[in-house]
Amino acid sequence: MAQLSPMMTQYLSLKEKYKDCILFFRLGDFYEMFFEDALLVSKELELTLTGRNCGLEERAPMCGVPFHSASTYIQRLIDNGHKIAICEQVSDPATSKGLVDREVIRIISQGTVVDMAMLDESQNNFIASVYTQGKNAGISYCDISTGEFFAYTVKNYEQILKDEILRISPKEIIFSNQDIEAQLQSMAACTLLDFNEFSLTNVKPILLKQFALVSLNDLHLDSEFAIKAAGALLNYLGDTQKIQLSHITSLKQYIKTETMFLDEVTRINLELTKSMRNGVKRGSLLWILDKTCTAMGARHLKNWVDQPLTVKEKIEYRLDIVEAFTKNFVLCDMLRESLKNVYDLERILSKIAYKSISPRDCLAILRSLKEIPNIKNVLLNSNMNALQNLSAQLDPLENLCELLEKAIDPEAPITTAEGGFINKGFHNQLDELKEASLHGKQWLLELEEKEKQETGIKNLKISYNRIFGYYIEITKSNIPLVPLRYVRKQTLTGSERYTTEELQKIENKIVNAMQLSLKLEFEIFEQIRLSIEALIHRIQGIANILKELDVFCTLASVALDNQYVRPDLNEEGKLEIQEGRHPIVEVMQKDVDFISNDIFMNNSTDRTLIITGPNMSGKSTYMRQTAMIAIMAHIGSFVPAKSANISILDRVFTRIGASDSLSDGQSTFMVEMSQTANILKNATDKSLLILDEIGRGTSTFDGLSIAWAVVEYISKKLGAKTLFATHYHELSDLEGNLDGVKNYCISVKEFGNDIIFLRKIIRGGADKSYGIHVAQLAGVPLDVIKLANKILFRLESADINNGMISQNIMGKVKKEATQLDLFHTEHDKLVEEMKLIDVMSLTPMQAMTELLRLTEKAKQI
Numbered sequence: 001m002a003q004l005s006p007m008m009t010q011y012l013s014l015k016e017k018y019k020d021c022i023l024f025f026r027l028g029d030f031y032e033m034f035f036e037d038a039l040l041v042s043k044e045l046e047l048t049l050t051g052r053n054c055g056l057e058e059r060a061p062m063c064g065v066p067f068h069s070a071s072t073y074i075q076r077l078i079d080n081g082h083k084i085a086i087c088e089q090v091s092d093p094a095t096s097k098g099l100v101d102r103e104v105i106r107i108i109s110q111g112t113v114v115d116m117a118m119l120d121e122s123q124n125n126f127i128a129s130v131y132t133q134g135k136n137a138g139i140s141y142c143d144i145s146t147g148e149f150f151a152y153t154v155k156n157y158e159q160i161l162k163d164e165i166l167r168i169s170p171k172e173i174i175f176s177n178q179d180i181e182a183q184l185q186s187m188a189a190c191t192l193l194d195f196n197e198f199s200l201t202n203v204k205p206i207l208l209k210q211f212a213l214v215s216l217n218d219l220h221l222d223s224e225f226a227i228k229a230a231g232a233l234l235n236y237l238g239d240t241q242k243i244q245l246s247h248i249t250s251l252k253q254y255i256k257t258e259t260m261f262l263d264e265v266t267r268i269n270l271e272l273t274k275s276m277r278n279g280v281k282r283g284s285l286l287w288i289l290d291k292t293c294t295a296m297g298a299r300h301l302k303n304w305v306d307q308p309l310t311v312k313e314k315i316e317y318r319l320d321i322v323e324a325f326t327k328n329f330v331l332c333d334m335l336r337e338s339l340k341n342v343y344d345l346e347r348i349l350s351k352i353a354y355k356s357i358s359p360r361d362c363l364a365i366l367r368s369l370k371e372i373p374n375i376k377n378v379l380l381n382s383n384m385n386a387l388q389n390l391s392a393q394l395d396p397l398e399n400l401c402e403l404l405e406k407a408i409d410p411e412a413p414i415t416t417a418e419g420g421f422i423n424k425g426f427h428n429q430l431d432e433l434k435e436a437s438l439h440g441k442q443w444l445l446e447l448e449e450k451e452k453q454e455t456g457i458k459n460l461k462i463s464y465n466r467i468f469g470y471y472i473e474i475t476k477s478n479i480p481l482v483p484l485r486y487v488r489k490q491t492l493t494g495s496e497r498y499t500t501e502e503l504q505k506i507e508n509k510i511v512n513a514m515q516l517s518l519k520l521e522f523e524i525f526e527q528i529r530l531s532i533e534a535l536i537h538r539i540q541g542i543a544n545i546l547k548e549l550d551v552f553c554t555l556a557s558v559a560l561d562n563q564y565v566r567p568d569l570n571e572e573g574k575l576e577i578q579e580g581r582h583p584i585v586e587v588m589q590k591d592v593d594f595i596s597n598d599i600f601m602n603n604s605t606d607r608t609l610i611i612t613g614p615n616m617s618g619k620s621t622y623m624r625q626t627a628m629i630a631i632m633a634h635i636g637s638f639v640p641a642k643s644a645n646i647s648i649l650d651r652v653f654t655r656i657g658a659s660d661s662l663s664d665g666q667s668t669f670m671v672e673m674s675q676t677a678n679i680l681k682n683a684t685d686k687s688l689l690i691l692d693e694i695g696r697g698t699s700t701f702d703g704l705s706i707a708w709a710v711v712e713y714i715s716k717k718l719g720a721k722t723l724f725a726t727h728y729h730e731l732s733d734l735e736g737n738l739d740g741v742k743n744y745c746i747s748v749k750e751f752g753n754d755i756i757f758l759r760k761i762i763r764g765g766a767d768k769s770y771g772i773h774v775a776q777l778a779g780v781p782l783d784v785i786k787l788a789n790k791i792l793f794r795l796e797s798a799d800i801n802n803g804m805i806s807q808n809i810m811g812k813v814k815k816e817a818t819q820l821d822l823f824h825t826e827h828d829k830l831v832e833e834m835k836l837i838d839v840m841s842l843t844p845m846q847a848m849t850e851l852l853r854l855t856e857k858a859k860q861i
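Read in order, the letters of the sequence shown are residues 1 to 861 in the numbering used here.
Hints in this document: simulated from the structure, not taken from any laboratory.
Among these hints, one or two may not hold up.
[What the hints assert, rightly or not] Here are the computed distance ranges between Cβ atoms for each label pair:
hint : residue 1 : residue 2 : range
1    : Asn459    : Glu526    : 37 to 47 angstroms
2    : Asp333    : Arg466    : 50 to 60 angstroms
3    : Glu264    : Gln515    : 58 to 68 angstroms
4    : Glu411    : Ser531    : 19 to 29 angstroms
5    : Ala386    : Ala677    : 38 to 48 angstroms
6    : Arg466    : Glu526    : 18 to 28 angstroms
7    : Phe522    : Gln589    : 53 to 63 angstroms
8    : Asn465    : Glu501    : 19 to 29 angstroms
9    : Ser13     : Glu57     : 18 to 28 angstroms
10   : Glu264    : Glu526    : 42 to 52 angstroms
11   : Asp333    : Arg763    : 40 to 50 angstroms
[Said to hold, decoys possible] DSS-like, lysine-lysine: derived pairs with alpha carbons at most 25 angstroms apart:
hint : residue 1 : residue 2
12   : Lys209    : Lys242
13   : Lys43     : Lys83
14   : Lys376    : Lys291
It should be emphasised that the depicted structure is a prediction, and the values quoted were computed from it without experimental measurement.
No residue lacks a Cβ here, since even glycine has one placed at the ideal position from N, Cα and C.
Let the sequences and hints guide you as you build the complete structure.
Right, dumping it as structure tokens:
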């Protein structure tokens with residue numbers, strides 16, 4: 001009966017333990033996949049599928065990738081949602097008797113990537129953990145490539161879980177409750193863990209050991225929910241990475257009340273980190289602001305943009321430093337020059353934990369630390385307490401710098417396989433062994449010359465390969481001259497290879513010296529790695545200060561380049577911007593002069609601005625720029641305006657544009673109403689609302705009724721500052737009837753049948769929509785435009801005597817008018833005119849014409 005080979009038995013045993021992973025099984029210089037894994041990988045990576053004898057009648061399907069370039073293939077697989085189990089040879093094939101021992105040394109998934117070649121240096125690569133019980137949730141998230149680790153608690157999580165996860169943007173999520181799986185799967189790769197994995201009994205020893213604590217209270221987290229989420233995540237990382245994650249040195253409490261909560265719709269509409277058009281960084285606010293010098297700074301700035309502050313004192317601290325750099329840009333420029341020489345310390349430190357740090361990584365640490373003295377001096381000369389305090393906190397780590405400078409060869413090779421990365425003079429014994437190796441080369445040259453003289457063979461050559469070692473090579477024509485003391489080692493087509501007793505002695509000296517030298521070099525390097533590992537926490541502290549300085553310098557540089565000003569902050573509800581500009585539009589359209597605009601809002605007289613005007617005239621740009629300027633101020637950035645006084649906001653909401661969600665079975669209007677409902681449920685009197693064309697997705701009466709009711713609800717119930725753009729000119733009647741409502745419109749200049757959008761916001765309401773003009777600008781065929789103008793003319797000039805509105809339509813008009821307070825019962829003349837209408841003789845078109853005429857007349861009374 002056929003029996004599996006020992007190697008295949010070993011493979012299947014490991015595969016059984018990691019069923020949910022593709023097993024990369026190390027065989028020599030390749031990672032091989034077999035059976036189902038081979039079929040899957042060969043298809044996804046377009047690799048040749050081969051086979052291997054495994055003891056069965058049929059060969060096992062097999063494909064493989066070179067281990068030295070495996071990261072490229074691994075990235076493609078994890079991007080497609082797969083997990084990879086890396087199985088390495090853990091015993092030396094040269095000394096192993098029989099089968100080489102193999103073990104899975106780590107699992108790579110989307111949230112556990114640490115290879116810098118597979119990571120976006122400007123973004124964190126978070127993995128999140130979600131623990132739910134009742135209405136509360138604990139959320140924790142970690143970037144194992146940088147060591148950053150956070151946890152916090154969310155109450156009534158069902159309402160905001162999606163937005164919280166979108167803020168974090170994790171690549172992978174572990175969770176405890178199957179009920180939330182469908183929601184989470186739409187945002188990241190997901191793994192459901194056993195509920196016991198989140199128990200205090202399970203997570204307590206893991207957290208205490210990782211952070212060397214006596215009590216869980218020392219974590220200073222806000223609840224057991226956060227503790228359970230963090231502990232389960234740390235345990236999962238330990239199980240999959242199979243190392244002591246020594247670079248995760250702290251667990252920070254994310255304080256939700258100190259940052260502005262921005263939902264998915266707002267992030268998309270305002271293009272904070274991604275462009276709406278193609279989902280890339282270019283064309284976003286982050287793209288405008290990101291002129292950072294370091295990868296750490298780029299990630300830190302993105303976190304600031306994702307999480308604007310809501311604490312006035314903390315925002316002012318940021319603004320103070322940015323202002324100091326704008327006033328002394330020479331100082332800022334000096335810092336930026338130093339920061340350009342700083343490497344990605346956070347991600348290099350993760351290599352310490354994974355024992356994958358290279359000599360060149362050590363040189364990167366050294367070069368980064370050597371900039372510290374200069375940065376400290378620059379900060380000390382700033383005459384600003386905050387910067388001088390940062391200078392005092394910067395630790396130059398002189399002893400580590402001295403160690404690395406003495407130990408690591410500045411010309412260290414890329415790989416460590418052949419040695420040669422420890423400096424001469426650092427270790428005496430190593431120098432002696434290297435000297436012996438160098439002498440060996442001279443010995444070989446002297447021996448080669450001696451043998452040529454003794455044998456008379458002028459083309460005799462001493463060479464080396466890894467299999468046969470050192471040998472004397474003689475061509476076939478000279479074999480008769482070979483002395484008897486030569487011992488044959490290998491026969492080739494055109495030559496013979498020999499050795500001698502003297503050559504073997506030299507070889508033993510050289511090989512022993514090389515082997516001992518390489519072994520000692522690795523031992524020395526391991527001690528250097530341990531020295532760095534002991535200082536991880538201090539180096540992380542340096543990295544935190546450097547990345548923050550990078551962001552401050554960047555915001556100052558962008559402010560000067562784009563003529564931004566420092567915003568004033570207030571807690572009285574005033575939002576006043578003079579000559580505000582859209583930060584993205586003005587950069588993307590440099591060939592066109594951007595028309596700036598003012599805005600004034602407060603908590604009383606100017607709380608809701610009704611903005612009317614045609615499409616393409618600039619309403620949306622005006623509203624978005626107001627929201628973006630407000631958010632930039634909360635980030636701690638200067639803003640595109642002549643002056644700005646920004647109220648501290650708790651949230652910014654947007655409802656802009658038309659979109660459907662067919663996968664969720666929602667029409668465009670349903671999406672619009674869902675977004676509106678979310679805003680009305682969660683906004684407060686400290687929120688800023690940007691609402692564009694509420695009610696446009698349904699009939700005129702329904703839409704107008706909804707829009708009117710929304711404005712009235714916000715004004716009377718919420719008290720939020722609101723910019724409300726609409727085509728319903730009837731809403732202009734709200735000014736004077738609702739407290740805090742003011743009318744604004746986009747100014748338009750008419751030249752006969754042509755118009756120019758001046759893109760300037762002025763007081764008052766618009767009385768035209770200019771829809772046909774916009775259609776013409778958009779390229780609608782001229783025949784359609786002409787026909788539309790004719791129809792519009794007929795509608796506007798229809799004779800009341802040519803047809804009378806039906807009683808049903810008139811009843812609806814009166815009912816809607818009463819509900820919306822469009823007409824007043826004292827307008828007896830209008831009522832009498834309506835009574836005289838012959839309702840039975842009216843066509844549908846005439847009914848609409850009459851309805852429009854009556855509506856316009858009612859507004860003028």
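Go ahead and decide if the range 18 to 28 angstroms is satisfied by the Cβ distance of Arg466 to Glu526.
Holds, at about 25 angstroms.
CB-CB spacing for Gln589 and Phe522 relative to the 53 to 63 angstroms hint
Given about 58 angstroms between the Cβ atoms, the range holds.
Given the hint of 19 to 29 angstroms, check if Asn465 and Glu501 actually sit that far apart at their C-beta atoms.
Between Asn465 and Glu501, where Cβ atoms are some 20 angstroms apart, the hint holds.
Assess, step by step, whether the Cα of Lys376 is no farther than 25 angstroms from the Cα of Lys291, and give holds or violated.
Since the Cα atoms of Lys376 and Lys291 sit roughly 22 angstroms apart, the hinted pair holds (cutoff 25 angstroms).
For the range 50 to 60 angstroms, tell me whether the beta carbons of Asp333 and Arg466 fit it or not.
Taking Cβ atoms as reference, Asp333 and Arg466 lie about 53 angstroms apart, which means the hint holds.
Given the hint of 58 to 68 angstroms, check if Glu264 and Gln515 actually sit that far apart at their C-beta atoms.
Since the Cβ atoms of Glu264 and Gln515 sit about 59 angstroms apart, the hinted range of 58 to 68 angstroms holds.
Assessment of proposed distance window 38 to 48 angstroms (beta carbons of Ala386, Ala677)
Because 44 angstroms falls inside the window, the suggested range holds.
Check the hint pairing Lys43 with Lys83 against an upper bound of 25 angstroms on the C-alpha distance.
holds, 16 angstroms
Pairwise beta carbon distance, Glu264 to Glu526, judged against the given window 42 to 52 angstroms:
holds, 47 angstroms
Are Asn459 and Glu526 spaced within 37 to 47 angstroms by their CB atoms?
holds, 45 angstroms
Restraint status (C-alpha distance of Lys209 to Lys242 at most 25 angstroms)
holds, 15 angstroms
Using the Cβ atoms, figure out if Ser13 sits within 18 to 28 angstroms of Glu57.
For Glu57 against Ser13, whose Cβ atoms are near 21 angstroms apart, the range 18 to 28 angstroms holds.
In this structure, every one of the numbered hints holds.
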